[in-house]
Amino acid sequence: MSVLVFVEGFNGEIKKSSLEAATYGYQVAQQLGTTATAVAIGEVHEDALAKLGEQGISKVLYDADSRLNQFVADAYVKVIAKAAQQENAKVLVFSNSNIGAAVGSKLAVRLNGSLATNVTTLPKTDGGQFIVTRSVFSGKAFADVALTSDVKIIAVKKNALEIANAGSGAATVEKFSADLTDAEFVAAPKETIMQDTSGGVLLTEAEIVVSGGRGLKGPENWHLVEDLAKALGAATACSKPVADLDWRPHHEHVGQTGIAVSPNLYIAIGISGAIQHLAGVNSSKVIVVINKDPEAPFFKAADYGIVGDAFDVVPKLIEAAKALDK
Amino acid sequence: MKILVCISNVPDTTSKINFSGDNKSFDKNGVQFVINPWDEYALTRAIELKEAKGGTVTVLNVGEADAEPNIRKALAIGADDAIRVNAHPKDAYFVAQQIAAIAKQNNYDIILMGKESIDYNGFQVHNMVGEMLGIPSITPAFKLDLVDDSTARLEREIEGGKEVVEVKLPFVASAQQPMSEPRIPNMRGIMTARTKPLQVVEPVAGEAKADYVSYSKPEKKSGVKMIDAENAGELISLLRNEAKVL
Chain A
25 MSVLVFVEGF
35 NGEIKKSSLE
45 AATYGYQVAQ
55 QLGTTATAVA
65 IGEVHEDALA
75 KLGEQGISKV
85 LYDADSRLNQ
95 FVADAYVKVI
105 AKAAQQENAK
115 VLVFSNSNIG
125 AAVGSKLAVR
135 LNGSLATNVT
145 TLPKTDGGQF
155 IVTRSVFSGK
165 AFADVALTSD
175 VKIIAVKKNA
185 LEIANAGSGA
195 ATVEKFSADL
205 TDAEFVAAPK
215 ETIMQDTSGG
225 VLLTEAEIVV
235 SGGRGLKGPE
245 NWHLVEDLAK
255 ALGAATACSK
265 PVADLDWRPH
275 HEHVGQTGIA
285 VSPNLYIAIG
295 ISGAIQHLAG
305 VNSSKVIVVI
315 NKDPEAPFFK
325 AADYGIVGDA
335 FDVVPKLIEA
345 AKALDK
Chain B
153 MKILVCISNV
163 PDTTSKINFS
173 GDNKSFDKNG
183 VQFVINPWDE
193 YALTRAIELK
203 EAKGGTVTVL
213 NVGEADAEPN
223 IRKALAIGAD
233 DAIRVNAHPK
243 DAYFVAQQIA
253 AIAKQNNYDI
263 ILMGKESIDY
273 NGFQVHNMVG
283 EMLGIPSITP
293 AFKLDLVDDS
303 TARLEREIEG
313 GKEVVEVKLP
323 FVASAQQPMS
333 EPRIPNMRGI
343 MTARTKPLQV
353 VEPVAGEAKA
363 DYVSYSKPEK
373 KSGVKMIDAE
383 NAGELISLLR
393 NEAKVL
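So the protein lines, in turn, are chains A and B. If you're matching positions, the first sequence starts at 25 in our numbering and goes up one per residue. If you're matching positions, the second sequence starts at 153 in our numbering and goes up one per residue.
Since the hints were derived computationally from the structure, they do not count as laboratory data. Hints are supplied without guarantee of correctness; some may be wrong.
[To be verified] Distance condition first, Cα-Cα at most 27 Å in a straight line; then the derived BS3-like pairs of lysine-lysine:
1) B:Lys373 - A:Lys316
2) B:Lys396 - A:Lys316
3) B:Lys314 - A:Lys254
4) A:Lys75 - A:Lys106
5) A:Lys324 - B:Lys372
6) B:Lys320 - A:Lys214
7) B:Lys369 - A:Lys324
As the structure is a prediction and not an experimental result, all values here were calculated from the model.
My request is simple: use the sequences and hints to build the entire structure.
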């Protein structure tokens with residue numbers, strides 16, 4: 025038996041969340057006394073794949089089929105299912121992304137496996153059991169879940185564990201493919217449109233997020249959020265009212281019905297902290313709140329707070345952030 | 153056009169989350185339940201499609217009798233009829249099996265639900281249902297339109313971008329904002345909902361594959377450290393030297 029990790033590429037590199045999944049996979053393999061293999065699909069640099077050795081991955085199965093440079097769910101499922109079979113994988117590890125969790129759910133049916141998404145801990149494996157902790161109730165609680173099938177599938181919550189350097193050599197990269205037919209392409213995307221991330225940071229992968237709310241008074245003031253984000257190497261986000269007012273695009277909306285983020289640092293500017301907003305950000309490790317209303321409920325959930333006008337405070341932060349040595 | 157919308161009955165966002173004394177189950181005491189907010193996007197879009205193209209919208213809930221007020225609410229918003237599979241929703245796999253069983257009997261053209269429930273945050277059921285039925289599942293979709301009577305066009309979110317997908321009916325999709333603007337039931341809707349059919353069926357044999365053993369709550373924050381606005385720059389050095397996140 026072995027552990028199989030699915031790694032996702034972005035612009036040819038491996039996503040941070042997938043390096044976390046690889047770390048997780050290796051650590052589970054160590055617990056179970058076996059090895060961790062990775063599977064990669066589409067456009068990923070081969071040297072980036074070989075570097076997965078640093079996370080303890082010994083071998084990478086790589087399907088470079090150019091039709092799979094975009095996400096084709098059924099094709100990805102077929103490739104990973106074949107890899108799982110070939111490697112006799114009993115534990116499959118994904119990052120808890122829209123792609124990873126989708127493929128994991130389909131594989132749970134196809135491989136008759138137990139699935140846990142949003143997982144925050146390594147499994148407890150003593151006494152033959154396999155119990156993981158997952159984040160539930162929109163970050164307000166955790167649940168311990170026993171995975172009872174022979175095959176266990178895990179989607180690891182982003183930023184839940186640190187990327188480890190196992191210090192091993194390069195992973196061997198083997199070409200891999202499954203016999204894909206037209207059936208796997210019936211729901212293939214006609215088109216994939218990426219946001220302009222030039223110089224920017226992907227929100228769902230970011231270690232630092234700077235987020236703005238209605239307190240910024242209008243989209244014309246967003247340079248405050250953007251400049252602070254740039255100085256800190258952060259991604260930008262916004263509250264629901266801001267997206268509803270079309271000040272910012274919906275894909276930046278974090279909160280209960282938007283994107284849930286769990287960065288190391290979340291900086292909220294001019295956001296009061298409605299419970300719906302907190303539900304999307306409460307897994308952040310450190311929360312900073314800047315608001316001119318000292319009664320803003322967000323301060324109760326914050327680690328650091330500044331009561332003040334964003335238009336006075338944020339430029340000072342930008343200046344101090346620029347002065348940091350990198 | 154026959155559309156199935158699956159809804160879950162979840163604690164309201166503002167609820168305090170508590171567990172039983174032994175931490176083995178969720179404590180429903182004093183908790184108000186609502187239609188899962190993500191499912192509302194699916195429900196409203198289904199009703200909009202029905203209004204534009206004709207057809208029926210059936211609401212499905214896998215849950216116990218205490219879910220019925222919210223099933224009635226979905227009928228009041230505009231669904232035509234409802235089915236409740238009378239079972240405790242043990243895990244995503246079990247729920248997906250129940251939905252797939254209902255779907256097999258009724259030949260729906262579109263099966264919709266929210267991308268996840270705000271209680272168990274699984275993001276699993278829609279893809280499992282698609283796989284069980286052998287039809288495409290497009291998740292999470294924020295746009296859904298019909299191109300013609302047999303084809304739909306969806307936009308789904310992937311990290312850093314979106315995919316445009318055209319599929320033949322039938323298919324499964326999960327909804328996220330801004331697929332639609334959820335509606336509040338009006339008085340007429342509430343009156344007519346009382347007489348709309350709500351069928352209760354027993355579950356098919358199914359198995360849970362994830363066993364919820366116990367629950368816990370995150371550690372409380374130690375409290376907020378306030379920094380004077382005049383010295384706002386000090387925050388940056390605290391974040392580097394104390395919190396160690398820069």
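Measure nothing beyond the straight line between the CA atoms of Lys314 of chain B and Lys254 of chain A; if it is 27 Å or shorter, mark the hint as holding. 24 Å, holds
Would you check the hint for Lys373 of chain B and Lys316 of chain A, treating anything up to 27 Å between C-alpha atoms as holding? Judged against 27 Å, a Cα distance of about 22 Å means the pair holds.
Take the C-alpha atoms of Lys396 of chain B and Lys316 of chain A, compute the straight-line distance between them, and say whether it is at most 27 Å. 26 Å, holds
Pair hint outcome, Lys320 of chain B versus Lys214 of chain A [Cα-Cα no greater than 27 Å]: Judged against 27 Å, a Cα distance of about 13 Å means the pair holds.
Pair hint outcome, Lys324 of chain A versus Lys372 of chain B [Cα-Cα no greater than 27 Å]: 11 Å, holds
Given the proposed pairing of Lys369 of chain B with Lys324 of chain A, does the C-alpha separation stay at or below 27 Å? 17 Å, holds
Is it true that the CA of Lys75 of chain A sits at most 27 Å from the CA of Lys106 of chain A? 23 Å, holds
Going down the numbered hints, you'll see the structure goes against none, and every one checks out.
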